[in-house]
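Starting from the known structure of chain A, arrange chains B, C and D on it as the hints suggest.
Number of protein chains: 4
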Amino acid sequence: MIILIQCRDQVGLVAAISGVLAAGQMNIVSLREYVDKPANLFFMRVEAEQESDMPGLEEKLLRVLPPDAVVKVNPQPEKKIVVLVTKEYHCLADILIRHYFRSLGAEVLAVIGHYDTLQDICNRFDIPFHKIEVPSSARVLFEQQLEDLIRGYSPDYIVLAKFMRILSPGFVAKFPGRIINIHHSFLPAFAGAQPYKQAYERGVKLIGATAHFVTDQLDEGPILAQQIIPVTHSATAADMVKAGKEIETAVLARGLRLVLEDRVFVYGNKTVVFE
Amino acid sequence: MIILIQCRDQVGLVAAISGVLAAGQMNIVSLREYVDKPANLFFMRVEAEQESDMPGLEEKLLRVLPPDAVVKVNPQPEKKIVVLVTKEYHCLADILIRHYFRSLGAEVLAVIGHYDTLQDICNRFDIPFHKIEVPSSARVLFEQQLEDLIRGYSPDYIVLAKFMRILSPGFVAKFPGRIINIHHSFLPAFAGAQPYKQAYERGVKLIGATAHFVTDQLDEGPILAQQIIPVTHSATAADMVKAGKEIETAVLARGLRLVLEDRVFVYGNKTVVFE
Amino acid sequence: MIILIQCRDQVGLVAAISGVLAAGQMNIVSLREYVDKPANLFFMRVEAEQESDMPGLEEKLLRVLPPDAVVKVNPQPEKKIVVLVTKEYHCLADILIRHYFRSLGAEVLAVIGHYDTLQDICNRFDIPFHKIEVPSSARVLFEQQLEDLIRGYSPDYIVLAKFMRILSPGFVAKFPGRIINIHHSFLPAFAGAQPYKQAYERGVKLIGATAHFVTDQLDEGPILAQQIIPVTHSATAADMVKAGKEIETAVLARGLRLVLEDRVFVYGNKTVVFE
Amino acid sequence: MIILIQCRDQVGLVAAISGVLAAGQMNIVSLREYVDKPANLFFMRVEAEQESDMPGLEEKLLRVLPPDAVVKVNPQPEKKIVVLVTKEYHCLADILIRHYFRSLGAEVLAVIGHYDTLQDICNRFDIPFHKIEVPSSARVLFEQQLEDLIRGYSPDYIVLAKFMRILSPGFVAKFPGRIINIHHSFLPAFAGAQPYKQAYERGVKLIGATAHFVTDQLDEGPILAQQIIPVTHSATAADMVKAGKEIETAVLARGLRLVLEDRVFVYGNKTVVFE
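If you read the protein sequences in the order shown, they are chains A, B, C and D.
First residue of the first sequence: 18, per this note's numbering; consecutive thereafter.
First residue of the second sequence: 18, per this note's numbering; consecutive thereafter.
First residue of the third sequence: 18, per this note's numbering; consecutive thereafter.
First residue of the fourth sequence: 18, per this note's numbering; consecutive thereafter.
Don't take every hint at face value.
Remember, identical chains collapse to one label, so a pair may be satisfied in a single copy or spanning two.
[As the list claims (entries may be wrong)] Each computed DSS-like pair below joins lysine-lysine, with the alpha-carbon atoms no more than 27 Å apart:
#1 K262 x K54
#2 K148 x K262
#3 K262 x K287
#4 K96 x K262
#5 K54 x K214
#6 K97 x K262
#7 K191 x K89
#8 K104 x K77
Just so you know, the hints here were simulated from the structure itself, not pulled from any lab data.
Chain A with its partners taken away, still in its complex shape (with noise of 0.2 Å):
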């Protein structure tokens, strides 16, 4: 059982939710809280056991927490995905396995692409491919086509697996916070196109990938993870292109799975992660 509470932060709030959970006989096998002192904000997260069931638990809880409490118990444990894709395979094919063999704690409802390069590799492993004909510089049309797609799946959240375009504030108001991209730098390094060939040409000495929710600000959502590999001056922009695909794809997984666990709450431009 997974409990996760967001709260304004006050005195008493662990003793009132632990003292729900023991009069229940729930045995706290994790609890995790943080609080962001400058926006006064409380967050935790709990895994408990408990013997039997134990109904109203929600609104026990809301009972003992101040009135802007959210709070979410046993969130929905398998999370429905759209993948938005181009042309790279390497963080779809990471998915797709992972969804194959059960382990991506998600379900892969539709890949959605404006290429038919990553169609077959869907087929092979028998889901659903969309390709958009619109071309991407009509990009209304291109857009309304878009959630047209993605609404006849009404998924929990879009991924954007390198997918190389830039969707409009009005596209990602649609969807708030259900938007999750992997950007191909160590934000806030290199934001926009082509930051491999910006890195390279900046003769950085390590290149990086983010994995962060979209928001209306390109690149400037809050970030859900981030790593690094060390290059040299022998690395080209196309060598750093192949090098970064390997933290891409970590990244992204990583990202993902935090989030397909109800690991992460999302507040501003700031994420609370509770590993």
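Chains B, C and D alone, transformed into the frame defined by chain A:
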């Protein structure tokens, strides 16, 4: 205010503890807990703020906890340490510098060695240096003199900062859970003498360092912190020694910090580290 | 054009080799050399560009090198591999994906297992899967069938992608320097069975994986690549197994890439890796 | 013997250079070369052993190289440095310790600051400390006094060890390629003031440090070394400052070592680092 609790696990511990704190109007800033299920042990570290003093907190907590509970409220803020060295300077110098600039979180009472190589650096920082004149081959006398010197200072912890002599089980038993060592390998690989030579001969691609508590089993004590760095085929054993110094210094500093900030529980051959 | 040279060390080798290349108007793009002084061995890897064909380059080089020299010019660009598996999918799936998208740098001829767990994923990628029906406890028969299957494909390398059976020295001797294994620990720590269980019981703060060539000494062969990830006290052995899969996949991919790009020399129990 | 060569690229350079060395019966211990193709530049670093002296080696090499070639034979083994500081001690102390134990590879001639916070630690190591009395707001006078002090020592390099003042392009131009800085972020992220505050506000999951040469573009000079450490949501800006000190110290030490061991070429805004 820091509160440390260790006891056998049972339902309701968090509620009981946080109830006591809430009754005293204490605000929990940070709460970390861990249950070792196979061992049925509960560990908790709380950082809390209170407006006024709360007398008898330890007793109040003991009253709601199982009989085996160990509770520490506000453990001694600045521990006292004695440092044992041989000839290598890097770990000692790091400790002396942090001590001098008051960022160590401990008072360095004295340094003890069996060579006078590091006498001068201690002088420069006004730290007493004692040279054991008995040769270390005369182990009984050597350890007697070492023990006498240490006992003269009554330190909380004894830090082996590249002390290249093996202490007998009898000696170690006199300071249980109070001797911290830096071993120059990622244990359990390359326990014993000349780990870098072993690493060179094995052709490993990474070398490491381990900070651990000393028990009567050589290099087998509870691990505090570990770190590695990559090496290539071109690294000689001497190159590894040189590169290794950097992580030895960093890992010992980290292990010490964790202990000195009361972030570590030790049980059996393991540590719980609440960072 | 790639040129690999291994011979005993002597003065003037670089001049002799580069002289031959310059006489052929070849432009050196990258040159890496290493001398193991104690072993008196010289290793060199050159990437060069040439405008026209240079016939007899190997002979021209051998003429200026010591008699023991081994020279390879343009080693076979795409190696052929056979993959051995048990039930775990992660390393195999990574290889299949890279193969399918033509980024592996090798042709996967077949997969051989002793369970049919991974039959279906091979089918999906049109890779022959062979199940050994002899129980692995009948080692002689088991290895005979394995050898027959492998020999039917004449692979350059045999990749043990989480093949959880120990191959006999006799079997290994039939494919010297051609069997690559992923071991789920940072060798030499936790050699043998159940390394994560060992790691959990030892209370380490980092776990690792090692890609290495297989020799007749279990887990003692020349190391290609190693990597670690941090773990905390809260990681169970099962958590370590799960987290470890990620680095096992990454380390085997890296070790394979190095071998398949002709960046590795093996001598004695060591590797020279020119990245 | 160390030989550094930089020139425009052409066919036969390695043969020409190694031919000169072989003619002098020099044994190449280590040879590293790199060609920047877009820039058509060739870089080489050779470590060689010779039995007897080889007079005129530099001239012999220049004779076989393109006219623009820069050749350095046995660059000055122990460089001289002046260190500039503000109030933070960690980088300075690390340099002083290494200097004291003769492992820095450079002579520390003097330390210059604009506070007297670090006067005493310099005294303890018998290193002259100079305090600039002019307020740094009076930039022209401030820099004049700084320049006068530096010129009095004729250092090879000026090391900004957490010197929290921006030097004017005019000042920097007086010491081209000779000023090394540690910046407390993984550049180009968080250039400018208060990078940890910026990092905290952006909610990054890793923080870093960058050692680089100073040019007239603030935080834009050629990068020597970079490193990162992970951070979590619970790290305040102050926590990041504290954690960051550890990598700042390590990265500056590493960058300095690379320069002082003559492993770095600088061209345009980039470095070639032969480790």
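Evaluated hints:
In this assembly of identical chains, the alpha carbons of K262 and K54 lie at most 27 Å apart only when taken from different copies (24 Å versus 37 Å within one copy). With identical chains, the CA atoms of K148 and K262 are at most 27 Å apart within one copy only, with a shortest distance of 23 Å there and 33 Å across copies. For the homomeric pair K262 and K287, the shortest alpha-carbon distances inside one copy (25 Å) and between copies (24 Å) are both at most 27 Å. Both within a single protomer and between protomers do K96 and K262 lie at most 27 Å apart by alpha-carbon distance, with minima of 25 Å and 23 Å respectively.
Within a single copy, K54 and K214 get their C-alpha atoms only as close as 40 Å, which misses the 27 Å cut-off; across copies the closest is 15 Å, which meets it. For the homomeric pair K97 and K262, the shortest alpha-carbon distances inside one copy (25 Å) and between copies (24 Å) are both at most 27 Å. In this assembly of identical chains, K191 and K89 lie within 27 Å of each other by CA distance solely inside one copy; the values are 22 Å within and 51 Å between copies. Taking identical chains as interchangeable, the C-alpha atoms of K104 and K77 are never at most 27 Å apart, the minima being 49 Å within one chain and 45 Å between chains.
When the structure is compared with the earlier hints, a violation turns up for hint 8 alone.
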